[in-house]
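Please build the complete structure, drawing on both the sequences and the hints.
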Amino acid sequence: MWGSRWPAVERHDQRGYTSVAVPSRSHSAAFSSTRFDMTVCSSWTFSPAACRRGLAFILFCFVLTGCATTESTNNGESSTPARSSGLRLAPQVDRAKTVQLFRGTNEAAPPILRLNGSQTLTLAFDLLGESDGPVSVYFYHANREWERDPSSSRFLASFQSDNVLDYSPSQGTEVRYTHYRYSFPNDDIQFEASGNYIVRVTEQGREDAVLFERPFFITEDAGSLNLGVEGIIVTGQQVPSDRPIAQYVPPAALGSSTYDYAVCFVRNADYSTSRCADRSRLMPSDGVEFELSRDRAFDPIRSRHALDLSQLRVGPRIERVDRSVSPFQVMLEPDVARFAGTPFRDPLGSQIVVSDAVTALSRPETAAEYVQATFAFVPPDEQPVSGDVVIAGGFTGGQVRPENAMRWVMNRGRYEVDVLLKQGRYEYFYASDDPQLEAAMNRNITPAPDRYVAFVYYRDITLSSDRLVNVGTVEGVR
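Numbering (full-length UniProt numbering), first residue to last: 1 to 478.
Heads up, none of these hints are tricks.
Label-pair restraints from in silico Cβ distances:
no. : residue 1 : residue 2 : range
1   : A405      : D295      : 28 to 34 Å
2   : R317      : P435      : 27 to 33 Å
3   : Y259      : E319      : 54 to 60 Å
4   : S183      : E207      : 18 to 24 Å
5   : D308      : T462      : 46 to 52 Å
6   : A252      : E192      : 21 to 27 Å
7   : G172      : D418      : 21 to 27 Å
8   : G231      : N411      : 40 to 46 Å
It should be emphasised that the hints constitute simulated quantities derived from the structure, not laboratory data. C-beta atoms are modelled at their ideal positions from N, C-alpha and C, and glycine is treated no differently.
Structure representation (structure tokens):
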């Protein structure tokens, strides 16, 4: 039994294992099939011999294509066809800032909700400049590979779009902006099925006039999920890699076929780089176990850095504040490649904290200032590297974007970039396509353990998509 292998505890034990148990819910599923008929040569006037030659040629092409497909499949890692390259969001416009999507009232809580539960997600963001009035939100369902379903309305019990009517202009700030806030599910937006979702924010009533997009998740909390992390020793690597392992006991209504389930692992809320395990093996008690192959284990992550801008004054991370310019200028302490960064004790990932950080203001959502923060990164030997150095973090939605590339400042021997940020707390990191710089940064491992979220998916033939049946969290072994 699993209990003897992974004892049920609330946090990871000395071996790095964690147990998560949640109540089961039953869901019925009915099988449906589709038949395709094709008639050849009946619609044209051909001689029987010509028709047979044409059919033979078509059959030859079909077999040739099938052989090529089989060869490429056999050379791949899995026989499951590749469906997508992962999460892809529409570009965020420059005037959209401080985008937050969190559960309940905790700004650091990930955007994961239980289907038909009592909690809601809060979407909060700013648009720079004077108020433009209401904006619209659109909702899309996606499979586990983030391919959007052609008819997302099938997955919602009500409407697919809504208007954001709760907005307020900033009060007494140097940079003018309008703060928007929207909570869902609500009377107009209800979800019929679990799974991956994307919310798109647009100009009012114009679905294609995109301001930004963000992912979120609706889970069924069905069955029982046990999670563990195995440390993988890699030659030449100072710290072991993490290989998450998931054991899942589904409810009886779903069955335990290994072909119906998949698990995707996400590190530190970086949803764009999830790693999925299609292959599983049956376990006792009608359960299935998933683990990544050793070569797909999570290597030690580059240093993560914490930034607290709740108070605009010189401190441990702030070297200088200039209030004589607009927006206010904040010069940050340089980050050095050969030294590890220090993240927050509870990692934020791509979440941003404003209201819980700027406690000196009564309404920080509309009274907090926007400042021009100058980040500085010192590469090894203070010499430029080949390729770009890019900064990413909560202010980029956790995504590495070319527009956030840093500039080389020769007389200072470092890279710099200016980012317009609202007062609050952020986590960020640096990325580069220079292998030597990446190796240098990865040698300086952040001491805090990584946090992994496991998403368990069930392929539902009646929906032609993936249901999200369970979600669990576990900490790495470091």
